[in-house]
Amino acid sequence: GFSYVLSPLTCLRVRLPVLILVLEVLLLLLFSLFVTYDEHAHALAQTNATDHMKNEVYRVYPFFADVQVMIFIGFACLLAFMRLYGFGGVVFNFLTATFSVQWAIIIQGFCHFYHDGKIHIGVFNFINAEFACAVVLISFGAVLGKTSPVQLLIMALLEIPIFAVTDWLIVTYLKINDAGGSIVIHIFACYFGLGVTRMLYRPSLNDGHANLTTSYQSDILSVLGTLFLWVFWPSFNSALTLPGDDQHRAIIHTFIGLSSSTLTAFALSALLDKKGKLSMSDIQNVTLAGGVTVGATVDMMVTPACAFALGVVGCCACMLGYKYLTPFMATKLKIQDQCGIHNLHGLTGLISTLAAIIAILMANEDTYGLNIQPGEGRSASQQAIYQVAALGLALATSVLGGLLTGAILKLPFLSQPTDDYCFDDRVYFEVPNDFDAASTPVN
Amino acid sequence: GFSYVLSPLTCLRVRLPVLILVLEVLLLLLFSLFVTYDEHAHALAQTNATDHMKNEVYRVYPFFADVQVMIFIGFACLLAFMRLYGFGGVVFNFLTATFSVQWAIIIQGFCHFYHDGKIHIGVFNFINAEFACAVVLISFGAVLGKTSPVQLLIMALLEIPIFAVTDWLIVTYLKINDAGGSIVIHIFACYFGLGVTRMLYRPSLNDGHANLTTSYQSDILSVLGTLFLWVFWPSFNSALTLPGDDQHRAIIHTFIGLSSSTLTAFALSALLDKKGKLSMSDIQNVTLAGGVTVGATVDMMVTPACAFALGVVGCCACMLGYKYLTPFMATKLKIQDQCGIHNLHGLTGLISTLAAIIAILMANEDTYGLNIQPGEGRSASQQAIYQVAALGLALATSVLGGLLTGAILKLPFLSQPTDDYCFDDRVYFEVPNDFDAASTPVN
Amino acid sequence: GFSYVLSPLTCLRVRLPVLILVLEVLLLLLFSLFVTYDEHAHALAQTNATDHMKNEVYRVYPFFADVQVMIFIGFACLLAFMRLYGFGGVVFNFLTATFSVQWAIIIQGFCHFYHDGKIHIGVFNFINAEFACAVVLISFGAVLGKTSPVQLLIMALLEIPIFAVTDWLIVTYLKINDAGGSIVIHIFACYFGLGVTRMLYRPSLNDGHANLTTSYQSDILSVLGTLFLWVFWPSFNSALTLPGDDQHRAIIHTFIGLSSSTLTAFALSALLDKKGKLSMSDIQNVTLAGGVTVGATVDMMVTPACAFALGVVGCCACMLGYKYLTPFMATKLKIQDQCGIHNLHGLTGLISTLAAIIAILMANEDTYGLNIQPGEGRSASQQAIYQVAALGLALATSVLGGLLTGAILKLPFLSQPTDDYCFDDRVYFEVPNDFDAASTPVN
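Protein chains in written order, with my numbering: chain A, 1294 to 1736; chain B, 1294 to 1736; chain C, 1294 to 1736.
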């Protein structure tokens, strides 16, 4: 085996099992006390007269399965882009996602699905929980390689409730249009993650780090992750829309927006490179910008051309963000955004929010018919104000929650890697003999 | 090219084509004589009055597609974990699975779908055949790297009928609860595979083998296989349940069980490692234990908390099995279980069987309503006895069948690799120039 | 980074952004002027009385998603088989596919979905567009590694309209049986690609090229692409059939045909290799032959045994093509078919066409019932003549279109790589430090 001597500070032997044991006892207790089947999953609610094929599971399960591929395979591969942190990218994504979904089932259960003293669950809840999980994984992108699995679990433990309450306030009281979750999911996740990474600021990393490179294989793996996300993103953006034409439009817009942002990303990647070559990092990340940018208007009658334009605009903002904003934030604002989530989820989310406000102000009965529902007899401009309020709420809770969470993650005994051993699988994994150790000097 | 001189004994040039030709002639003959379309696939059975969207294909095809991903991609990647046996893992899985499914369509056809002198097929049969195929692939795990493709095809040729008859006896006469196939699939497959590997015992392998290591890339590929299996396992466990709430519960329980076993696997992996690090082998295998453990009760009203607990218990058994039982079996019982299928499918299957018996004994009309069906007017305790009988039958036929099959696989001329060249792609493949040969000393 | 000095002739910095900008302005203009929602996606067409679950999206989206996986992941991995061209295989596939689908939505829109001054789109159009995209990607296979992304986009720009018009003529006037697209898709794509590569003939490549090798990892990645195509091919072949038993049979036949061609490929691979070993190239390509060969008869009542036989026959033709025809075409006919698309799509397509003619001549009311529809009161032999006419039309337009397109691609300023830098990711990508440069001598 490998002769690297592990620092006792990063050893997982006691900390990780103890934390997981506590979390599992907590989950099991809550499942035992509060969780039961919903009416589509409970034998007593389904009589002999029930048409079994009308069970909600047949409508929602295909979307759930697609989102699972995004969460557990797409994110996993995308995050495995570093040469020496492939295990970390794939495996910590797996751990964090698994816990986040279970925890979200409980927390969202109390917010949305609690009645008669029980949380009623079915696959529909699981989709909601995977959205909460996506929030955590996006935030994870800001601190990838700089956090231990213990820290990641604690981040999920804190982020899920803060997200769920924010989401519940927005859905219940503000009733905004945001089918693809541009505000609720992407903006919240982004600014939460930036808050965390601000607190975990490591000055030495601004001088670069020997491990911060890709390998030929890790670049290919990561772009495959992009492709899995790309392929199933229409399912993500449409999973929670109204069935019928709304859901249909969500699929159409997402596909068109992703396509135009992909084409734009190729153009900008070649244009902004000194040698006129394509950068794999751009292909891996910036191509996806359109999926977020169409989010808040994804089910509206905004026209396919508008989805196309949104993809282009979102992609430009995302690309310029990677080029100029991320380095600025790292050096000047002490916000080290490892995967550039502010570009892919923050800037695009803000554009999407703005687009939704414009679309709401322009909506009329000529395009929607009598079905137009700006929510509870609100006028279009009133609805626009609610959209802005939701944005403000999401920004406030995410930034505060992220800073608070980051402060807690700085506690000692959470197995955080030292600066030298960031982005290095040897810290937390038994690695095979061909692990490329030569190029990483051990201090 | 590569200068490795192949032993004539392992050459596939005549043996593999001849065997496949024989098998193909056999299959083509049987397809020609006996196979026709079922009522959902036959033009004559579908009149103009038929609502085409009510065709069974729309209910079963999505589950079939998910299981195909598990079989052909999930298993393939998972089995490719060895540094020098990536081709073998992916490609022999492909070959064995393809033949197994076609052969199972015929054999199961005679058992279950034969009337009016014909086997009537549709996508529903294909799902059943993929389950039989999964049985063969699980057994394959016990002998991975130690068998030639000729041997694997012969194993499939023999295992499919023995499995199909066992399955038919259990389904037709014993009528047990085992929606996820914990008894019928996992226990049968496990003990069949152990029987085969017992007969193919190679003393020298107990001293270790230079090829028995992973590489950084093979570990990542393998864990991606795990993730594909993980993501689609709910489809596997629910594919053959009753439609409606039963199928819904099967999805719910599998997802929860897998989640809790995944969390547990991370905890135990760090806890049991001397240096407190995570082992990729644990992440690749032990995380999946929950999928098997919930199998026999997967459609019952056992509560979500119970699924959670089953995942934890199954994972613990599986992990301890890998740690202590597999080495013991190899050295003391001469059972060399290459992928540890006894831990992931055997121990978990036994726990699942026990759980189903308890669940049956505790089932009552308060939870199930009047729909409770312990099968043909049996009492709960009578049904429990039938479950035990099914377990006994599966154990008996699998052990005997495995030993018999192993004895046949020891025949000469089946291209079996020598001890030195186990787990080595050079034996059966033209390998590219970068194939890592340096570290494998040629005797 | 890497010190390779890029030739200004292959630099993408101006050419690619300018071309993409032009294409995006064109697309955005056409989307703005002509594209609106179809009746399943338009809010006005869906009244409160509409059953939202009857929206066409629920029938077609699952097939669309499966085809997306084939296009964006299956093709991508399959084309990444070269040691030094993994980025190119995955990423140029991504770029070309994305543009092709958007362009096809417009072009096919004018052909098939244009009324009241607008192209009406929904997910159904997207499936059609992905089929057109598959055509471009198959043709791409002939020139893989020898063309710049600029050339590929221009190829797509030209091929899509030529294909769409051919397809429209065949569907509207000839009304042939070709559910799997063996004639319309595979034969057209193949001969178009051969026409292009004939015009781009590079004599020096017939002497071999140092980059034309695989690596252990690239071979595994490529076979995973094969498996993704294999698993979802039934969805591809059945996506545009009539719903009900026709679609059901298309799935059945594709699965059986792929299985028999896979078994045959293993047999022939070992048989035709001097050392009796398996070749990964055969496993990657020849196993898929059955998917094409069953295409033209895929929804007919041809019996499962016939699908099995078609898979075997198609596989034999494909394998012999790779072994003998491809080298012959390269040296004698100056047609350098990089991925051997003539074997996998051309020969198999021709066999499928012939099989369909025979099946049409043998069709009768005993097998189909009164539903038999040879098209507009045609007799069986008349229908057979139309099939031949469609073949002739597809051959003519594809060869001429391919030659014309190839001639245009020879224009200077299209960033075409020099002979030395064919199949080399350094030309168009920033590559990581571990990119294997040592073995490629720089002239």
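Worth flagging that the hints you see were computed from the coordinates, not collected in a lab. Keep in mind that a hint or two might mislead.
The list makes no distinction among identical chains, and a pair is therefore deemed to hold if it is satisfied within one copy or across any two copies.
Unchecked claim - Heads up, simulated DSSO-like pairs for lysine-lysine below, C-alpha to C-alpha not over 30 angstroms straight-line:
| hint | residue 1 | residue 2 |
| --- | --- | --- |
| 1 | Lys1347 | Lys1468 |
| 2 | Lys1347 | Lys1439 |
| 3 | Lys1468 | Lys1625 |
| 4 | Lys1567 | Lys1411 |
| 5 | Lys1703 | Lys1468 |
| 6 | Lys1439 | Lys1627 |
| 7 | Lys1703 | Lys1439 |
| 8 | Lys1347 | Lys1625 |
| 9 | Lys1411 | Lys1627 |
Cross-check of the supplied hints:
1. Lys1347 / Lys1468: both (28 angstroms within a copy, 27 angstroms between copies)
2. Lys1347 / Lys1439: Result: close neither inside a copy nor across copies, 47 angstroms intra and 49 angstroms inter.
3. Lys1468 / Lys1625: Result: close neither inside a copy nor across copies, 37 angstroms intra and 66 angstroms inter.
4. Lys1567 / Lys1411: Intra 60 angstroms, inter 42 angstroms, cutoff 30 angstroms: neither.
5. Lys1703 / Lys1468: neither (36 angstroms within a copy, 57 angstroms between copies)
6. Lys1439 / Lys1627: Close inside one copy (15 angstroms), not across copies (45 angstroms); limit 30 angstroms.
7. Lys1703 / Lys1439: For lysine 1703 and lysine 1439, only the intra-copy Cα distance (12 angstroms) is at most 30 angstroms; the inter-copy one is 50 angstroms.
8. Lys1347 / Lys1625: neither (56 angstroms within a copy, 55 angstroms between copies)
9. Lys1411 / Lys1627: Answer is neither: 44 angstroms inside a copy and 52 angstroms across each miss the 30 angstroms cutoff.
In summary, the structure is inconsistent with hints 2, 3, 4, 5, 8, 9 from the numbered list given earlier, while agreeing with the others.
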